[in-house]
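Colleague: Those sequence lines, one after another, are chains A and B. Under the numbering used here, read the first sequence as residues 1 to 106, first letter to last. Under the numbering used here, read the second sequence as residues 1 to 106, first letter to last.
Take the hints with a grain of salt, since some may be wrong.
It does not matter which identical chain is used: a pair holds within one copy or between any two.
[What the hints assert, rightly or not] Derived DSS-like pairs: lysine-lysine, alpha-carbon spacing no greater than 27 Å straight-line:
1. 70 to 7
2. 80 to 7
3. 7 to 83
4. 24 to 7
5. 24 to 96
6. 24 to 91
7. 96 to 70
8. 85 to 96
9. 96 to 7
10. 32 to 91
11. 70 to 91
12. 70 to 80
Rather than coming from a laboratory, the hints here were simulated on the basis of the structure.
Now for the letters of each chain:
2 protein chains.
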Amino acid sequence: MIANTPKPPYYAVIFTNLQTTDLKGYGEMAEKMQQLAACRDGFLGIESAREGLGITVSYWRDEASILAWKADVEHQIAQKLGKEKRYASYKTRVCKVERDYGFPVA
Amino acid sequence: MIANTPKPPYYAVIFTNLQTTDLKGYGEMAEKMQQLAACRDGFLGIESAREGLGITVSYWRDEASILAWKADVEHQIAQKLGKEKRYASYKTRVCKVERDYGFPVA
């Protein structure tokens, strides 16, 4: 679903990735990470799609909430496993959303 | 593919959408728009995936190049058709990429 984010400014983390073929348990871990992220203070929403290339965009109130989630212990374990086994390559971009618009207009 | 963007700061346009079922000619037009965007001054790259939800992130040197592309005549026609027929809903977010990191490190 399209995330129901508040009026800008807020933050977006664009995580773009290509997987390896070693994906045992990947789906369960990805789902758990989404659930944990959603419980964090400052979390605003998440959007995700994979079509070969995977794109996950999570939205946050501010940089502090992004850094706190990055430092979460369970998330750190997932990040380590991601680098070691699950991702052939990835790029993470931390952005400030300056303006947005949509259709139909909310 | 993961876009090979320069060192921040630069801009990202996150376009998240849900399609209608009236998609005759959609693929061709989407492909043409990507080709035209890639020719614009200030274009840095594009990443796209659809899994029910469609996410396209295009990267740009600055706000001026984003606004110039939005005002392009052929792009305007595609935007109008998008609202009238192709998209049940969408959200466009214009963001300043403040920092990024990747794996493997380039």
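Colleague: If a hint holds in the structure, say so; if it does not, say that too.
Modeller: Quick rundown of the hints versus the structure:
1. 70 to 7: both (24 Å within a copy, 21 Å between copies)
2. 80 to 7: Only across copies: residue 80 and residue 7 sit 24 Å apart there, 34 Å inside one copy, limit 27 Å.
3. 7 to 83: Result: close only across copies, 22 Å inter versus 34 Å intra.
4. 24 to 7: neither (39 Å within a copy, 34 Å between copies)
5. 24 to 96: Result: close neither inside a copy nor across copies, 34 Å intra and 35 Å inter.
6. 24 to 91: Within one copy, since 22 Å is at most 27 Å while 33 Å is not.
7. 96 to 70: Classified as both: same-chain Cα gap 17 Å, cross-chain 20 Å, threshold 27 Å.
8. 85 to 96: Answer is neither; intra-copy 30 Å and inter-copy 31 Å both fail.
9. 96 to 7: both (12 Å within a copy, 16 Å between copies)
10. 32 to 91: Close inside one copy (21 Å) and across copies (26 Å); limit 27 Å.
11. 70 to 91: both (14 Å within a copy, 26 Å between copies)
12. 70 to 80: within (12 Å within a copy, 40 Å between copies)
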